[in-house]
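A.B. asks: As you go down the protein sequences, you meet chains A and B in turn. Count the first sequence with my numbering and you get residues 1 to 184, in order. Count the second sequence with my numbering and you get residues 1 to 1016, in order.
I should point out that these hints are in silico values taken from the structure, not numbers from a laboratory. Check each hint, because a few of them may be wrong.
In silico BS3-like links for lysine-lysine, alpha-carbon gap of 30 Å or less [stated by the list, open to error]:
hint: 1; chain 1: A; residue 1: Lys168; chain 2: B; residue 2: Lys472
hint: 2; chain 1: B; residue 1: Lys472; chain 2: A; residue 2: Lys118
hint: 3; chain 1: B; residue 1: Lys194; chain 2: A; residue 2: Lys122
hint: 4; chain 1: B; residue 1: Lys101; chain 2: B; residue 2: Lys970
hint: 5; chain 1: B; residue 1: Lys341; chain 2: A; residue 2: Lys122
hint: 6; chain 1: A; residue 1: Lys35; chain 2: B; residue 2: Lys101
hint: 7; chain 1: A; residue 1: Lys74; chain 2: B; residue 2: Lys194
hint: 8; chain 1: A; residue 1: Lys168; chain 2: B; residue 2: Lys194
hint: 9; chain 1: A; residue 1: Lys44; chain 2: B; residue 2: Lys278
hint: 10; chain 1: B; residue 1: Lys393; chain 2: A; residue 2: Lys118
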Amino acid sequence: MSVNELGTKSQKADAAIDTATSTEQEVKIISGTEKILAGFKGDKSEAIPILQHVQQAFGYLPRLSMERIAQFVKVPECTLFGVATFYAQFKLTPTGKNLVRVCRGTACHVKGGSSILKEVEKRLGIKPGQNTPDMEYALETVACIGACALAPTMTINNEVHGEMTAKKVAEFLPDKMEEKHEKP
Amino acid sequence: MKSPSDNVFPKQVKVLVCQGTGCTSSKSEQVREALEAGVKAAGLKDVVIDFTGCHGFCQQGPIAVVEPDGIFYTHVKPEDAAEIVTSHLAGGKPVERLFYKDPVTGEPIASYHKIKFYMKQQRLILRNCGHINPEKIDDYIAADGYKALQKVLTTMTPKQVIDEVKKSGLRGRGGAGFSTGMKWELCAIEPGPKKYMICNADEGDPGAFMDRSTMEGDPHTVIEGLIIAAYAIGADEGYIYCRAEYPLAIKRLYIAIQQAEERGYLGEKICGTNFSMKIHVKEGAGAFVCGEETALMASIEGRRGMPSPRPPFPAQSGLWGKPSTINNVKSLASIPVILNKGADWYASIGTGKSKGTTVFALTGKIANSGLVEVPLGTKLRDIIFEIGGGIPKGKKFKAVQTGGPSGGCLPASFLNSSVDYETLAQAGSIIGSGGMVVLDEDNCMVDMAKYFLSFTQLESCGKCIQCRWGTKQMLDVLTDITNGKGRPGDIDFLLELSKAVAVGSRCGLGQTAPTPVISTIRYFRDEYEQHVKKHHCPAAVCKGIVTAPCTHTCPANVDVPRYIRAISDGDIEKGLDIIRERIPFPAVCGYVCVHPCESRCRRGQLDQAIAIRALKGYIYDNAKNKSPKPKTALPSGKKVAVVGSGPAGLTAAYYLAKLGGHAVTVYEALPQAGGMMRVGIPRYRLPADVLDAEINYIKAAGVTVMTGVKIATIEELKAQGYDAVFLAVGSHNGSKMRVPGEELPGVVDGVTMLRDVALGKKVTVGSRVAVVGGGNSAMDAARTSRRLGAKEVTVIYRRTQNEMPANAEEVQEAMEEGIKFEFLANPSRIDKNGSSLRITCVRMRLGDEIDESGRRRPVIMEGADFEKDFDTVIPAIGQVTDLSPAITVDRAKNGNITANPDTLVTNITGVYAGGDAVTGPDSVIRAIAAGRLAAESIDKYLGGKGNIEEKFTTPEKAEPYVAEEGGVEKRQEIPLANAATRVKNFNRTELGYTKALAETECSRCLRCDLEERDED
C-alpha cells in the first residue's frame, strides 16, 4: 500500500487504544468476543473468519478483542494487526451504523459513478473512510459490487441500489448538512 | 427449445422469478411474493412460482420467465403481479407491455428464444442460470446434475479424467489461459497424501460479475467441477475463496454444500466409491490482490494476502505447503459439461488454440448490458452489435476495454477481429476475467487509464517498490495530464515507467498494472498529446480541463453558457458581444454551424442537447446593434496577403488587421467574396444580405477584399512587398464518381452547380434530378434542385440513413420537401436514353465487416441492379483541394496542402495555409478556428505577440443556478417555413426562435460553467 495509507493505518491503530473506556463496555466486548471464539478451534487459519465475525458484531475491531483473539489463534498481536490492517473490510475504530458504499468499478465509472459519490459526500457531509458526527452513517467506496449492468450502483447496508442518479441519492440518504445547520 | 427445468415440472406452467443480486436490488423478492399470493388467491392449481439465479441481463430486471413458452417479462414490479396472474396465467394472454423491447427497432419480443441478446449466445457455463432454482439440488440433478461426477468416480481413473480435460483444450478462465488439464497433471504427479483443490471466486475485476452470477444461479456446477478436479489431482479437501462483497453467492454456496453432503455427493464414500471430500467456503476480506493465487492461499491461511515468489508453484507447494491447484469458477463450471458431452464435442467449439466458450460481462455504453457467453473466436463486432445491440443514443464506438485493470483497450480497427487468447494478446490486451467495457466518443482514454491506475495503486499490496511507488508515480503524471498540467515528455516517461513497473513486480497485479496505460497510448496517443500540448480533452470529460463541454468542444471556444445567460437576462446585445469575442461570424455560425458543441452537451446525456446553434441565431436576429467595432491597433508596417475569402481567410484577415495592425489584402478568384459560405451553402440556409453584413464587419476592421483576382504564384505576392502569405483557398473540386458516362452532358458536379446558382448564373436541372451522396453538400444540391423547379429529386446513397454524414436536420428538412431517398444503392454507369440520362445502380447491403469509420462496409448484391431515368445527375460525394502546381508549397497526394498543425506554416517560410485547403472539406467553424490560429502565428512571425484576445464585455458575477423541480422541458425545435411553399423560393427555411421559445430553451441549460472545478 502507499505511504499515505500506511500513515492513516497507524493513526487508526492509535485510536483503537482509546475506544474501550468504561468497564461496562469492556465487559460487553470481552463477552461478545468469547462467544464468537467458542465456535472456533484456535487455529491460525481461523484468524480472518474470526475477525470478520467480530467486525460484524461490533462494527469494528476493538483493541481488547484483538488482544484476546491473538491469544486464541496463537499469533503475536502485531501479526494480527498486520492482517487486520491489510484488508479493506476491517476497521479499527467504530463506524457509523449504516454503511454506505458507492461503487467505483469500471462500468460504474464509465456511467458517471463519480458524480454519485460527490452527491453522497455532499449529502452526508463526509468523505470516504469517515463517519457522520452522529455515527449514523459511514461512507466507503468499493471497487466493484458486481451489479455492473445496473451501473452506477451503491449499497446501503448491503442492499444494492442500481441505476443511481444524483436525484435518487436524496431519496435514500438524509441531508446531513441540512441537519447540521438546523442544530441550535 | 427444451429448458433444463422441463424435467422438473413437465406439464405445469412455471413462473421463474430472478433472485440474483441485480434483480433482488430492484425488489424481485416482492414480485415473487406478490405472484405467489396472486396465484393462491386465484386458485390456479397447475401454476408453480419459483425463483432462479441471475439471467445475466440485469439491466432488464426484475426478470420473470414463464415456461414452457419462455415468455420473458422485464422490469416487473410487484404491482404487475396481479395483471400477470389474471391476464396470462389464468387467461392465457401474456402481458405485452412487460415484454423486452429491442433497443434498436423498439419491437416488443415475447420469448427469450427470439431475443437477439440470448439467441446468439452459447450458454454452457451459464446453462442453468435463470432456469433452475439454485437452492434446490433436485433442480440441478434433473438438469443432468452430478451425472459427470458419477461417471468420473465410477468409471474413470484420475489420469483418464486429466487426459479428457487436456483433450478438450480448456484453458484457465481466470485470465491467464493456462491449459487446465495440464495444470491438474502438474499437481497429480506430486506425491500425497494431503493435497488441496481450491476455487478462486474472488472476482475482483471491476466490471466483472460472471462468477457471481454463476455461483448465485448454479452453485452446484461449481461444486461438481471442484469435486471432479479434486479427484483428478488426488485431493480430499477443497476451498472456495469467495469475496465478501458477494453475500448472496456465499449464502447459496453454503446451502448447496450442505445439500450435496446430504445426498452423498460430498463427505465420505461419495457415490459409493472410496473417494471422500469436504469443501469449505472462505470469505475474502476486501483485497483485490487476493485474486492472485499465492496471495489467495496466504489469506486462507490467515495471513496478509501478499504474493510469494514462484517457483515453488502451488502444484508443488501450495496451501500449508501441500500440493494445491487453483481454478477459476468458470473453468470449474465447464468441467461437468466437458465430461458429459465429451472432450471432442467441447473442442469442436471455438478456434485454433482457444477452445470452448467463455463468459463476457458486457457493460458500459452498450444497449444490451449483461453476461454474454459465446464460443471463443466469435468476432468482436458480433458481440457488440449483434448481441449487445450497439451503442445507444447514436454515439460512435470508441474502444472496448477487455480484461479489467490488467487489460488493454481495443479500438474500432479490432471490431472485425476474432476474440481469442492469441488475438487479444497480440493487440496488447488480454481476455482476462472476461470483463468487456464498451466506451463511446464521450469517454476519454486518458481518463480511463488514470481510472485503472488509481484502482491498481490502491490495491497494490506494497511489497515490490516498482509496483508500490511506480504506480503512484504513473498516477501522479496521469493526474497532472488530466488537470491540464502535463509537461512535454510526460507520455514517453509513462511508457518508460511502465516497463520498469512491469518488469520489477513479483505478481500479476504489478506486472499488468501498466497495461491500460501502454494500450491507450498505443492506440490513442493523439488524445494524450491534445491533453498535454493543447490542454484539450476531445471527449470533454477531464474535469480539471473542462468546465463547460460546449465551450471546450467548440473549435473557437465560444463562451456558450455566458451568452445563454445573457438571453435569460434579457441582454441580447451583450450576447452578441460575447459571441464576437471569439468569432467574427456570429450570423453564419448561428445559421449553418455543424455544432460540435451540441454533441457534447451534458443536457444531451439527460434527454436532448441544448439547441446552441439556434440560440446563437436568435441573438443575431434580435440584436439591434449589429454594427462593427472601431479599429484599434496601430499600423505595424507589415503587409499580409490572404488568398481566398472563405471563413479561414477572412477570419485571419480580421484579426491580423484589427489586432495586429497589419495591412491585409484578401484576394478572391471568384466574382463575390465568402468562399464556401457564398458558393457552397445555399441562400435558403444563409441569406445573401446576412453574409454581406458579416463580410462588411470584417472589412470595417481594415481589411481590403479584391474579388475576381486569381493569384498565380507566391513570387508575384512577394514582389508586391507582402511579408507573409496565408493560403486559404479551400477545397473546391468535386470528386469524381469514376463510372462510365460521367462525362455526359447533364452530369453536373454538385460543387459546380451550387457555385453557379450562388453566382447568379442560369442553371436548369429539368424535372427529374438524381443526387449522389449522403453529406451536407448532397442535401444542399438536392434542396437547391427542388427550388430550381425539379419535381422529382432522388438522393442515391450507398449506405442507410443512420450512416449519413449530413446534419440530421438537413435530412429531415429535405424529406419534408418531398425529396426521395434511395438507400443502399450506388451508380455503376450512366448512359444516354433518348433525351434522358439512364443511371444503372447496384444494390448494396450492409456487410458484416466494419470499416475504419466504425460503420458496416456496404457490399454489392449481385444481380439486383436497377435502372432509373433522370434529366440531371449531380454527384456530391466529396471534394478535393486543387491548387495550381505553380504555387510551390508541399502538398499530400490527395492535394491537401501540408502545413504544421501547431503553426500552420508550410515548407516555405512566411507562407501559411489553413482551412479546407489543408484538412480537406470540413466545416465553417473549423475553418474559423484555423483562421484564428493563422492570425496568431503570422502575427508572431511578423514580430507581434500573437495575441488575438478580444474583450467586449465585462465579466459578470455568476448567480448559482437553482434547478426547478419538475417541469423538465423537451428541446424546443426551431420553427421552419412551410415545406410546400418554401421549395418555391430561396428564402430562409429557418424562421428563428421566438422570445418564448428561446427563453424556454435557455432554461434547459444546466450551466456547466458554474460547476465547482475539482482537481482530484
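A.B. asks: Look at each hint and say if it fits the structure.
C.D. replies: Consistency of the hints with the structure:
1. Restraint check for Lys168/A and Lys472/B: not satisfied, since their Cα atoms lie roughly 34 Å apart, outside the 30 Å limit.
2. Our distance criterion of 30 Å between C-alpha atoms is met by Lys472/B and Lys118/A, whose separation comes to about 23 Å.
3. At roughly 55 Å between alpha-carbon atoms, Lys194/B and Lys122/A are farther apart than 30 Å, so this suggested pair is violated.
4. At most 30 Å may separate the alpha-carbon atoms for a hinted pair to count; Lys101/B and Lys970/B meet this at roughly 23 Å.
5. A hinted pair counts as satisfied when its Cα atoms are at most 30 Å apart, and Lys341/B with Lys122/A does not qualify at roughly 56 Å.
6. The hinted pair formed by Lys35/A and Lys101/B fails the criterion: a straight-line CA distance of about 54 Å is larger than 30 Å.
7. Only pairs whose Cα atoms come within 30 Å are accepted, and Lys74/A paired with Lys194/B is accepted, the gap being roughly 24 Å.
8. With a C-alpha separation of about 53 Å, the suggested pairing of Lys168/A with Lys194/B is violated against the 30 Å cut-off.
9. At most 30 Å may separate the alpha-carbon atoms for a hinted pair to count; Lys44/A and Lys278/B meet this at roughly 20 Å.
10. For the proposed pair Lys393/B and Lys118/A, the alpha carbon gap of about 26 Å is at most 30 Å, so the pair holds.
The structure shown violates the earlier hints numbered 1, 3, 5, 6, 8.
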